[in-house]
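**Q** Residue-level listing of the chains:
Protein chains: 2
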Amino acid sequence: MTFEAPVKDLMFNITHIAPWSGDAVGDLDTASAVLEEFGRFCAEEIAPLNAAGDRIGSHCDRGRVQTPPGFREAYAKFMDMGWQGLRHPSEFGGHDMPRSVAAAATEIINAANMSFALCPLLTDGAIEALLRFGSPEVQQTYLHNLVSGRWTGTMNLTEPQAGSDLALIRTRAEREANGTYQVSGTKIFVTYGEHDLAENIIHLVLARTPGAPDGVKGISLFLVPKLLVDESGEPGARNSLRCQSIEHKLGVRASPTCMLEFEGATGFLIGRENAGLEIMFTMMNAARFAVGVQGVAIAERAYQMALSYAKTRIQGRHVDGSAFEPVPIIRHPDVRRMLAHMRATTEGCRALAASAAGWQDRAQSAATPELKAEALAIAEFLVPLVKGFCTEMSLQTASTGVQIHGGMGFIEETGVAQHYRDARILPIYEGTTAIQANDLLGRKTLRDGGSTARRIAAMIAQTENALRQGSPAAQEIAAQLSCAREAFESVVAHLVAVGPTDLNAAYAGAVPYLMLAGNLVAGWQLARSVLVAEAGLEGGGDPEFMTAKIATARFYAQHILNEADLQRARVMDGAASLLDVGF
Amino acid sequence: MTFEAPVKDLMFNITHIAPWSGDAVGDLDTASAVLEEFGRFCAEEIAPLNAAGDRIGSHCDRGRVQTPPGFREAYAKFMDMGWQGLRHPSEFGGHDMPRSVAAAATEIINAANMSFALCPLLTDGAIEALLRFGSPEVQQTYLHNLVSGRWTGTMNLTEPQAGSDLALIRTRAEREANGTYQVSGTKIFVTYGEHDLAENIIHLVLARTPGAPDGVKGISLFLVPKLLVDESGEPGARNSLRCQSIEHKLGVRASPTCMLEFEGATGFLIGRENAGLEIMFTMMNAARFAVGVQGVAIAERAYQMALSYAKTRIQGRHVDGSAFEPVPIIRHPDVRRMLAHMRATTEGCRALAASAAGWQDRAQSAATPELKAEALAIAEFLVPLVKGFCTEMSLQTASTGVQIHGGMGFIEETGVAQHYRDARILPIYEGTTAIQANDLLGRKTLRDGGSTARRIAAMIAQTENALRQGSPAAQEIAAQLSCAREAFESVVAHLVAVGPTDLNAAYAGAVPYLMLAGNLVAGWQLARSVLVAEAGLEGGGDPEFMTAKIATARFYAQHILNEADLQRARVMDGAASLLDVGF
Numbered sequence: 017m018t019f020e021a022p023v024k025d026l027m028f029n030i031t032h033i034a035p036w037s038g039d040a041v042g043d044l045d046t047a048s049a050v051l052e053e054f055g056r057f058c059a060e061e062i063a064p065l066n067a068a069g070d071r072i073g074s075h076c077d078r079g080r081v082q083t084p085p086g087f088r089e090a091y092a093k094f095m096d097m098g099w100q101g102l103r104h105p106s107e108f109g110g111h112d113m114p115r116s117v118a119a120a121a122t123e124i125i126n127a128a129n130m131s132f133a134l135c136p137l138l139t140d141g142a143i144e145a146l147l148r149f150g151s152p153e154v155q156q157t158y159l160h161n162l163v164s165g166r167w168t169g170t171m172n173l174t175e176p177q178a179g180s181d182l183a184l185i186r187t188r189a190e191r192e193a194n195g196t197y198q199v200s201g202t203k204i205f206v207t208y209g210e211h212d213l214a215e216n217i218i219h220l221v222l223a224r225t226p227g228a229p230d231g232v233k234g235i236s237l238f239l240v241p242k243l244l245v246d247e248s249g250e251p252g253a254r255n256s257l258r259c260q261s262i263e264h265k266l267g268v269r270a271s272p273t274c275m276l277e278f279e280g281a282t283g284f285l286i287g288r289e290n291a292g293l294e295i296m297f298t299m300m301n302a303a304r305f306a307v308g309v310q311g312v313a314i315a316e317r318a319y320q321m322a323l324s325y326a327k328t329r330i331q332g333r334h335v336d337g338s339a340f341e342p343v344p345i346i347r348h349p350d351v352r353r354m355l356a357h358m359r360a361t362t363e364g365c366r367a368l369a370a371s372a373a374g375w376q377d378r379a380q381s382a383a384t385p386e387l388k389a390e391a392l393a394i395a396e397f398l399v400p401l402v403k404g405f406c407t408e409m410s411l412q413t414a415s416t417g418v419q420i421h422g423g424m425g426f427i428e429e430t431g432v433a434q435h436y437r438d439a440r441i442l443p444i445y446e447g448t449t450a451i452q453a454n455d456l457l458g459r460k461t462l463r464d465g466g467s468t469a470r471r472i473a474a475m476i477a478q479t480e481n482a483l484r485q486g487s488p489a490a491q492e493i494a495a496q497l498s499c500a501r502e503a504f505e506s507v508v509a510h511l512v513a514v515g516p517t518d519l520n521a522a523y524a525g526a527v528p529y530l531m532l533a534g535n536l537v538a539g540w541q542l543a544r545s546v547l548v549a550e551a552g553l554e555g556g557g558d559p560e561f562m563t564a565k566i567a568t569a570r571f572y573a574q575h576i577l578n579e580a581d582l583q584r585a586r587v588m589d590g591a592a593s594l595l596d597v598g599f
Numbered sequence: 017m018t019f020e021a022p023v024k025d026l027m028f029n030i031t032h033i034a035p036w037s038g039d040a041v042g043d044l045d046t047a048s049a050v051l052e053e054f055g056r057f058c059a060e061e062i063a064p065l066n067a068a069g070d071r072i073g074s075h076c077d078r079g080r081v082q083t084p085p086g087f088r089e090a091y092a093k094f095m096d097m098g099w100q101g102l103r104h105p106s107e108f109g110g111h112d113m114p115r116s117v118a119a120a121a122t123e124i125i126n127a128a129n130m131s132f133a134l135c136p137l138l139t140d141g142a143i144e145a146l147l148r149f150g151s152p153e154v155q156q157t158y159l160h161n162l163v164s165g166r167w168t169g170t171m172n173l174t175e176p177q178a179g180s181d182l183a184l185i186r187t188r189a190e191r192e193a194n195g196t197y198q199v200s201g202t203k204i205f206v207t208y209g210e211h212d213l214a215e216n217i218i219h220l221v222l223a224r225t226p227g228a229p230d231g232v233k234g235i236s237l238f239l240v241p242k243l244l245v246d247e248s249g250e251p252g253a254r255n256s257l258r259c260q261s262i263e264h265k266l267g268v269r270a271s272p273t274c275m276l277e278f279e280g281a282t283g284f285l286i287g288r289e290n291a292g293l294e295i296m297f298t299m300m301n302a303a304r305f306a307v308g309v310q311g312v313a314i315a316e317r318a319y320q321m322a323l324s325y326a327k328t329r330i331q332g333r334h335v336d337g338s339a340f341e342p343v344p345i346i347r348h349p350d351v352r353r354m355l356a357h358m359r360a361t362t363e364g365c366r367a368l369a370a371s372a373a374g375w376q377d378r379a380q381s382a383a384t385p386e387l388k389a390e391a392l393a394i395a396e397f398l399v400p401l402v403k404g405f406c407t408e409m410s411l412q413t414a415s416t417g418v419q420i421h422g423g424m425g426f427i428e429e430t431g432v433a434q435h436y437r438d439a440r441i442l443p444i445y446e447g448t449t450a451i452q453a454n455d456l457l458g459r460k461t462l463r464d465g466g467s468t469a470r471r472i473a474a475m476i477a478q479t480e481n482a483l484r485q486g487s488p489a490a491q492e493i494a495a496q497l498s499c500a501r502e503a504f505e506s507v508v509a510h511l512v513a514v515g516p517t518d519l520n521a522a523y524a525g526a527v528p529y530l531m532l533a534g535n536l537v538a539g540w541q542l543a544r545s546v547l548v549a550e551a552g553l554e555g556g557g558d559p560e561f562m563t564a565k566i567a568t569a570r571f572y573a574q575h576i577l578n579e580a581d582l583q584r585a586r587v588m589d590g591a592a593s594l595l596d597v598g599f
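Protein chains in written order, with my numbering: chain A, 17 to 599; chain B, 17 to 599.
Derived by calculation from the structure, the hints in this document are not laboratory data.
Take the hints with a grain of salt, since some may be wrong.
[As the list claims (entries may be wrong)] What the simulated footprint calls covered on chain B by chain A, stretch by stretch (three residues with Cβ under 8 angstroms from a Cβ of chain A suffice, anywhere in the stretch; the number is not a length):
1) 265-274
2) 305-312
3) 413-420
4) 462-476
5) 567-581
Glycine is no exception: its CB is placed at the ideal position from the N, C-alpha and C atoms.
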C-alpha cells in the first residue's frame, strides 16, 4: 500500500517530451530536486491518509465541516512548505515553476491522495482566475494568502437545475451603492466549499445580475469570501453563506462536496458584468487539465498496487508446464497483459499531459506573436484530450487494478477498490467527456477548419519519419502511428466536411473523435520517447529505464494505439446507425 | 428507480434465438405467463429492497448473520411461490422448465436485486451437483428441501491461499467408521454461507482426505449441512461449523460473503474420493453461466435507469441549433450514443446467453448421441463466452449508466453507482475472465483442434448468406459479421498452430480471443434477430419492436462488432510485444 512517486518517468517527460523552452540543465536539476522532495512529502504525509480518509469521510454538522483525521496537520505542513505556490508568480510569494513541472507535482499529490489534493487543485484554479481577471486591489487582497495556501479557493458553478448547462443558472447578484454585490442562491457540488483546513475560503461564484441577458451571456463572476477581509487584510466577520450539507458519494469521500446557501452574501465582481463564463472558462481550462492529470495519478497508484500484488501473490502454475510449483501471478501471460496495459496507458497519458503542459509553457515564453498563437492553439487543442482521454482511460486502469487482485480486490480493506470508486468522478466533473468532445469538435476543430488538427498530424508524420530510421521496434511503432495518424486525418476531414451541413451527424462522432485524438497524441509521445530512448541507449545512459520505455511504447502501439481505426469507423460510418436508434 | 422486467425481449430470444427443441406454442405460452408473473413478483417484492439492502448490508454477530430488512419476508414469498424449482425436475418438486426459460428468470431476479438473487443462484448450483453426483439417499434427503427453497445451498472453494488455484486447498476431511467424514479448515468468500433466510444451509465443500494425491487430483467434495438432518428428514443438531465474519465489500453488500470455520464438521462424500474438482466443475459451469446472466441483468437495470433519467433531465440545447429551449438530454447525440451502446450490448449479451441456454436444452433433448455430443460441445464452448464477455461488457454498461447521470450519478442516493459497484465482482467470481479465457482456449479450442470453433463459424457464415438476401441494413450487418467471423477464424487457426509450440504466446492472446469470440457470437445472435424481425415486419407483427431490434442490431454491428479486427490484431500480432514487457 506504500506509494512511490514516479519521479524518474516524470523527469523523463519534463526533459524530453514537454517542449519546455527553459530546459537548461540548471532548471532541470531544480525541477528534479523539487519533485523528489515533493514525492517524499506526499508519500510520507499525504498518502497514508488516503484509505482512512475514504473510510471515515468528511462530516458536516450545523454548517461546519470536519475533514478526516490527519488532514488538518498534513495541510498545515503542505502550506508551511510552500507547495501551493509551486507554479504561481513570485510576485505573490510563489515559485514560478513551469507548467510541466507543476503538472508533475499535481500527479504526485493526486496519486498519493486524490481527496486531499482536490483542495489545492481548486485553489490553483482560483489563483489563475484572479491573476488574469482580478483588479489590482483584489489581487493584493487575496492572492498572497491563496498562493501561500493560508486561504483556499473554490468554484461555484452547479445548481440543481444547472449542471453541464450553465445557461440555466439562477443565483442572483444585486449591486449595492458601495459597488459590492449581494449574492443569493443555492450552489451544489462545491468541492471543499466548507472545511477546517484553512482560515478562510475564497468562493468564485457564477450568478446573474438583474436584467442580465438570458443564457450564458448573462452570467457574471463574483468573489465571495467565507470571512470578509478587513482593511488590515485579515479575515473578520462571517459572510452570509452557509454549508447546508455534504454529499454521500461513490468516491473521493474525504473531499467535502458541499451544498452552499448564499443569502445576500457580499460579493466582489471579477472582470466585467456578463463576462463571467469566459473567466470561468479560464479557470476551468486549468482545472480540466488538472483533472486529466488526476486520471494519470489514479492510474499510477492503481498500477503500483497491482504490480506489487502480482509479484507476491502465489497462485497457479506456468501455462507452459515448465515447473510444477505455484508461481507469483505475474508469471501468467494474462496478468502480464493487464499490467502492461495499465503501464502503457499510464505512461502514454502522462506523456500526453506533459506534452500539453509543455505547449502551455511554450505559449508563455514564445518569442513572436505567431509562435505564441500557434503554441496556444495546440495547447488548447490538447486540453480536452488530456481531460477526456486520460480520465476515460483511468476508469479502465483502475478497474483492471481490481481485476488483478481477484476476489481480494472486491474487499474494501485491500484498498484497490477505492481507486475504482474515486476514478469514476473524473470523466464527469469539470465537464463530462461529451462536453470535452464538443469543445474539441466545435471550438478546437470546426472553428479553424481543422488547421490545428492538421498541424499536429504533420508533426506526427515527422516523428514517423524519424522512427523509420530506428530499430525494428521503432519501425513497427512507426507503422502503427502512421495508421492512427491517417485515421485521425480522415476523421478531421470528414468532420470538417459534414459539420456545416449536419451537426447532429458530426456530434454523434464527437466522443469517438476525442478518444481517437487522445490515443493518437499519447501514442505519439511514447513514439517520441522511443527516439529519445534509442539515442540514450547508444549513449549508454540508464539502459534498464530506456529498454523498458521502448517495450512499453511498442506494447502501446500494438495493443492500444491500434484502436484508432475502430474509432475512425465509428465516426465516419457509425453516425447513421446511431441516429437511427429510437428510444 | 422502478424496474420493469424486459419480458418481451426475453420471450423474443426464447422463441427465436434459443434453438429450443420444445418450442410448441403451448410451451411458449406457459413460458411467457411464467416470466410475466415472475417479473411482476420481482418488480414488486425484490427490486424495492435493492437500494436499502446495499445501504444497510448484512451483519454478522457471534456467528449469526442478519440480512437487511425485508429480505426474510421476500424470501419467504419466493419460496412459497415455488420459484426456486423453476428449472428443476418435478421428481423433486420442481417445474421442469427448460434452461432458456430459467435463464430469463435468472436475469429478471438479478436485475431486480443481485444481492438477493445470489442466494437462489447458489442453491441452483448445489441442486445441479446433487442431481448429477449425489447418491439416491443424499438426493432423497436433501433435494426436495433445496428445490422448494426451504433450504439453501453454498459452494465452499476458496481459502486464503487458494483462490483461482484450487490445487492449494488445505481443508481436511477424515473418514469415520460410520462412513461419514470429519471436515476441518477455513473457507472464505462463501456467498450466503450463513444467513437468516432459510432453516438450513447445505454446504458443498472441497477438501483433501489423508494421503490424497497432491494438487487438484486429490480434492474431494463433501456435503456439510449447517444443521444435521435427522432420520425423519428434519434439521436437528448444529454441525461443527461457524461463520467467523463477513466481508466489507465494494458491492453486492446485502449478500453475506462469509468466512466459515469447519472444526470436525460432519460431512458426506459426494461422488468418489479425489473426484471433487470434476463435480465442482459441473456446479461451476452452471454458476458461470448464471454469472454471465447476472452481467446482462445489471446492464439491463443500469440501462433502464439511464434511459429514464435521460428522458427527464433537462439540460442544454440541440447541437444543430434547431431550438432555443433546453431539452431532455436524450436529445443530445452523445447521450444517444451511450444509450444505444448500453442497449445494444445488453440485447447482444442477452441473446448470447439465450443461445447458450438453447444449446444446453438441445443437448438434453437430442435425438441421437451425435447430435447430443455436438450440442454439448457448442454449449460448453459458449459458457466461457457468456461468463467472460457478458460480465466484462456489464462493467462498461454500468459505468456508462453512471456517466449519463453526470454528477448525480456519483451521489450514492441516486442509486446508479450501486450497479457500478455491484457489477465489479462479476468478472472475478466463479473464475476470473482470464480463467474463462484459459478454459476457452485450452479445453474448448486447442483440445479439439478448433473444430467446435470452426463449426460455429460455419453456422455464422450461413446467417451471413441469409442476411445478404435482406434489406440494406441486413446487408450492412452481413458485411460486419463476415469481417468479424473471418477475424475469429484467423485467430482460431493461429492459436491452434501456435499452441503446441509456444503456449505462452497462445495464452497471451487468451482474453482478446475470448472477447472476440463473445462479441462475434453476440453479434451473430443479433444478426439472426434481424432475419426474424424482417420476416416479422413482412408479416405485420409488432412493427415497433421489430424496427427497434433491427436498429439495435445495426448499431451493434457498426459500433461494437467491428472491434473484432482489433482483437484479432492483439492475438495474432500482439503476443511478442506483450511478453517483451519486463516488470
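**Q** A separate judgement is required for each hint: does it hold in the structure or not?
**A** Each hint, compared with the structure:
Only when three residues or more bring their CB closer than 8 angstroms to a CB of chain A does the claim for the segment 265-274 of chain B stand; here the count is 3, and the claim holds. Note: the segment 305-312 of chain B has 0 residues with beta-carbon separation from chain A under 8 angstroms; the three-residue rule is not met and the coverage is violated. By the rule of at least three residues with a Cβ nearer than 8 angstroms to a Cβ of chain A, the coverage given for the segment 413-420 of chain B holds, with 3 such residues. Only when three residues or more bring their CB closer than 8 angstroms to a CB of chain A does the claim for the segment 462-476 of chain B stand; here the count is 0, and the claim is violated.
Coverage of the segment 567-581 of chain B by chain A holds [criterion: at least 3 residues with CB-CB distance below 8 angstroms; count 10].
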